[in-house]
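Engineer: Need the complex rebuilt from these two chains, each delivered in its own frame; the hints are there to steer you.
These protein sequence lines are chains A and B, in that order.
Numbering-wise (this note's numbering), the first sequence opens with residue 1 and increments by one.
Numbering-wise (this note's numbering), the second sequence opens with residue 1 and increments by one.
Hints are computed from structural coordinates only; laboratory data are not their basis.
Please note: incorrect hints may appear among the correct ones.
Calculated lysine-lysine pairs in the DSS-like style (CA-CA distance at most 30 Å, straight line) [to be verified]:
(1) A:Lys1 x B:Lys61
(2) A:Lys57 x A:Lys13
(3) B:Lys61 x B:Lys49
(4) B:Lys49 x A:Lys1
(5) A:Lys57 x A:Lys1
(6) B:Lys49 x A:Lys57
(7) B:Lys68 x B:Lys49
Spelled out, the chains give:
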Amino acid sequence: KAGVTQTPRYLIKTRGQQVTLSCSPISGHRSVSWYQQTPGQGLQFLFEYFSETQRNKGNFPGRFSGRQFSNSRSEMNVSTLELGDSALYLCASSDRGNNEQFFGPGTRLTVL
Amino acid sequence: AQSVTQPDIHITVSEGASLELRCNYSYGATPYLFWYVQSPGQGLQLLLKYFSGDTLVQGIKGFEAEFKRSQSSFNLRKPSVHWSDAAEYFCAVGTGGSYIPTFGRGTSLIVHP
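Only chain B is shown next, with the shape it has when bound in the complex (with noise of 0.2 Å):
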């Protein structure tokens, strides 16, 4: 079965910073991969996704995500953070045997002013 980690509990940063939070994987085979933010009380809005084809993904919200297979890693970065981006991330992955991708303990991102 696949599993997903995301190292980080807690990241801090300064509002302009740049930003990487990292997302291990296990699977054998190259999976569906997806970053999702959710604000405090609200659901999972998806950031970006990778099926396939180019290893560096383009998002939502200024963010971009880069698979790297011989790492299993899809860390998910930005290059100058906003007051607004502070919320919690969650990498997922997912294997296309059935709809349910499995998530990884999310980060929560806080941003100093």
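The following block holds chain A by itself, in its conformation from the complex (with noise of 0.2 Å):
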């Protein structure tokens, strides 16, 4: 099986624009989670989509935003981008209730 993909891989932004990230799961996957990863703060978890529905939210601002499709691939989207937005965004799919994740490259945003 093809593992989980992420585009773009590489993203430069400037601030006040919006991005959208997208993840592809592990065929078969319907659990979709994203993360933020920055030096500072580590691995925050940001959502969690199952079946098309958000059913997990980390402690973010309501810019931070994503969905997910029927096919279970996700996006996420972040508007009025800012400095510290600046990130390693970290997607996960996972298959079973047993917590096991599966992670993707990442996509590594820049906010100048």
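Structural biologist: See below:
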């Protein structure tokens, strides 16, 4: 099976812009989670989608949003970008309730 | 809610030396336990996992971990470290109630030649 894929791998934006990141889970996986990773804050959970519904949400402002499509592919959107949004955004998929997650390579977002 | 503590932010070892990375968790029942490794700028790769049964689990790249219920620990070990093991290591705990594990802050492993 192909692994989790994320596009794009690298992105440079300026403050105030918005960005959309994409994640394709492993075939058959219905749960997709998003994480933000920064040197200062570590790995922080953004949200999780399961069968097109947001099931869990972390403590992030409303500028961060996501959705999941019927084929389980997921997108996350960040509006009105701030410098502090510069981070590695990781997507992970899972197919069962044992919390085992499979991670993609991440999207490196730089906000200038 | 469950929590995970990785007490060591950085660990430095010499190549060929043994390694032990510590992980302590807080959860009332038997959790699902994971160790992940992350190379710079990459995603997380699963090293090993514990769900039930034998408390000593073997993983990839020569790593093993031991679940000790009495100490609420799941320490990662390797008998002989290679320079390529230099990376960030994350311990995670899940409870099965959702698909989302809780991650520790990570331990950065530095390997000296």
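Engineer: Checking one constraint from the list: CA of lysine 57 (chain A) to CA of lysine 1 (chain A), max 30 Å. Satisfied?
Structural biologist: 28 Å, holds
Engineer: Between the alpha carbons of lysine 1 (chain A) and lysine 61 (chain B), is the straight-line distance 30 Å or under?
Structural biologist: Cα-Cα ~21 Å, so holds.
Engineer: Hint check: lysine 61 (chain B) vs lysine 49 (chain B), CA-CA at most 30 Å. Holds or violated?
Structural biologist: Roughly 14 Å separates the two Cα atoms, so the pair holds.
Engineer: Would the pair lysine 57 (chain A) and lysine 13 (chain A) pass a check requiring their Cα atoms to be no farther apart than 30 Å?
Structural biologist: 25 Å, holds
Engineer: Has the given pair, lysine 68 (chain B) with lysine 49 (chain B), been kept, meaning a C-alpha gap of at most 30 Å?
Structural biologist: 14 Å, holds
Engineer: Check whether the Cα positions of lysine 49 (chain B) and lysine 1 (chain A) lie no farther apart than 30 Å.
Structural biologist: 20 Å, holds
Engineer: Can you confirm whether the C-alpha distance between lysine 49 (chain B) and lysine 57 (chain A) stays at or below 30 Å?
Structural biologist: 25 Å, holds
Hint compliance for this structure: every hint is met.
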